[in-house]
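For the protein sequence lines, the chains are B and C, in the order given.
Under the numbering used here, think of the first position of the first sequence as 1, with each following residue one higher.
Under the numbering used here, think of the first position of the second sequence as 1, with each following residue one higher.
In case anyone wonders, no lab produced these hints; they're calculated from the structure.
Computed from a predicted model, the values in this text were never measured in an experiment.
Heads up, some of the hints might be wrong.
What the hints assert, rightly or not - Quick look at which bits of chain B chain C covers, simulated, 3 or more residues with Cβ under 8 Å:
| id | stretch |
| --- | --- |
| 1 | 46-55 |
| 2 | 80-94 |
| 3 | 102-113 |
For each residue, glycine too, the CB sits at the ideal point set by N, CA and C.
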Amino acid sequence: METIISVKNVSKKYKEVTAVDNISFDVNKGEIFGFLGPNGAGKSTTIKMLTTLQRPTEGSLFLAGNNVSTAQDAARKTFGIVFQDPSLDDELTASENMKLHAALYSLDKKLAKERTEELLKLVELWDRKDSRVKTFSGGMKRRLEIARGLLHHPKILFLDEPTLGLDAQTRNLLWSYIKKLNEHEGMTILFTTHYLGEAEAIADRIAIIDHGKLVAMGDLEELKEQTNTETLEAAYLELTGKAVRDESLDTGDARKEIYRRIIANRR
Amino acid sequence: MNTIYILWLRQMIRFKRSGVRMVLSIVQPLVYFLTLGFGFNAMFQQAGKGSYIQFVVPGVIAQTILFTSIFWGMNIMWDKQFGFLKETMVAPVSRIKVMLGGSLGGATIAVIQGLMLFIIALIFGFHPYSWIMLGVTLLVMALLAISMVSFSSGVGAVVNDMQGFMAITNFLVIPLFFLSSALFPLDNVPTVMKVIASCNPLTYAVDAMRGSLINQSHFGLPIDFAVMGGTAILLIWFSIYRFNRIQI
């Protein structure tokens, strides 16, 4: 099996908090890899380090052989990402967002145009391509982000809680796209989610992180065996305990949420 | 090049779609121009200084540009809080280009607003001494805009909350403006004020604007351009430095 994502002894420390504490794992090419853990466990921080948004305090991370700290641009070309929070330009239309992305990844114009059409049709947004993103619902935005993340044909797709806040229909639709992409294009997928049922249904392998440390890794059967439980949820609770966690300290999520509400009210 | 262009274009599209906000930011300088311009005109003339309207127009054009560009960092804060910055930060392009594309967009908008004010001033009777020198004025406007936009973007890249950003820029913008000779000539002010004004980079932009628009310059265009060029380089460097260190 060929390794495509490699995390080696990685730590991320903020002033007082160690968000990620010496974790190592590999993801194989073509795998669907679930990355689970309670709030504040270090999932998002790990994804941010993998996607060059944050620098690791220690250790190194590789995407298709490219060190994300020293070969940033080469590493950046290998992946697409759907963030936990939307990262679209609301004032632009769906197709303008796609065009911008194509330019940032220096895609051939003609190719980008064809692929935009194909992808927007795939996520059922083709008839809304000239509408501004601010008129879209949460689910439509998420679909557009996925289409955009795929535009440059990445080898790896990172999905940070892609189904958060979406209804069951949209969640179902999204996972079937993702599964299709994985099967047809051999795309490697690393995702995080709080819906354990989704992870159970789709992931080839799962890693569980808690308090910045990897507490378990393996396929579903291995995790169940290891914890002597019947379902992923039971195994997960066994591994991470039942205490409720605070939201992560590092990203200012709570503050973002407040801003978002203020702005939602203004509009 | 393509990256810079597309990020500039994004700002142009956003500006075009911003509707009322597009003209709102020139209202304040316009009020200054109309009230001060016509209010002080007679007094200024009695003091033998010529037309105050002629005198104050370069100052309020500089004000328009200053106000739009120094708050430009809000856009960076916005992109940071609402995600778009992440899209550019994970893309395989250098952050210098990301910074330059956005800043050139901001600077273009600031210059457009400065020109809008200039046109309004023409309607109210302002007349430049030489139409050819307008090219120099435009260059001054561009230099001022890119300096202030860069400064503001750099601050926006460092600071993580909007209150903090507003506190810093509000703290700076009023002293910068009032101690810049935008509203009064530097010839007869107390020495302390003159010294402070001489340390203020905006003074040189106003002075160069006045030099090229009404042929009245305190320091002379070469000194003005040297100071403005130096300031621009320093502030662009500051912004690039901060952009390279953004971690989201």
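Status of each hint after checking the structure:
1. Restraint check on the stretch 46-55 of chain B versus chain C: 6 residues with Cβ-Cβ distances below 8 Å, three needed, restraint holds.
2. Remark: the stretch 80-94 of chain B is confirmed as covered by chain C, as 10 of its residues place a Cβ nearer than 8 Å to a Cβ of that chain, reaching the required three.
3. Three residues within the 8 Å Cβ limit are the bar, and the stretch 102-113 of chain B against chain C gives 4, so the coverage statement holds.
Violated hints for the displayed structure: none, as all numbered hints are satisfied.
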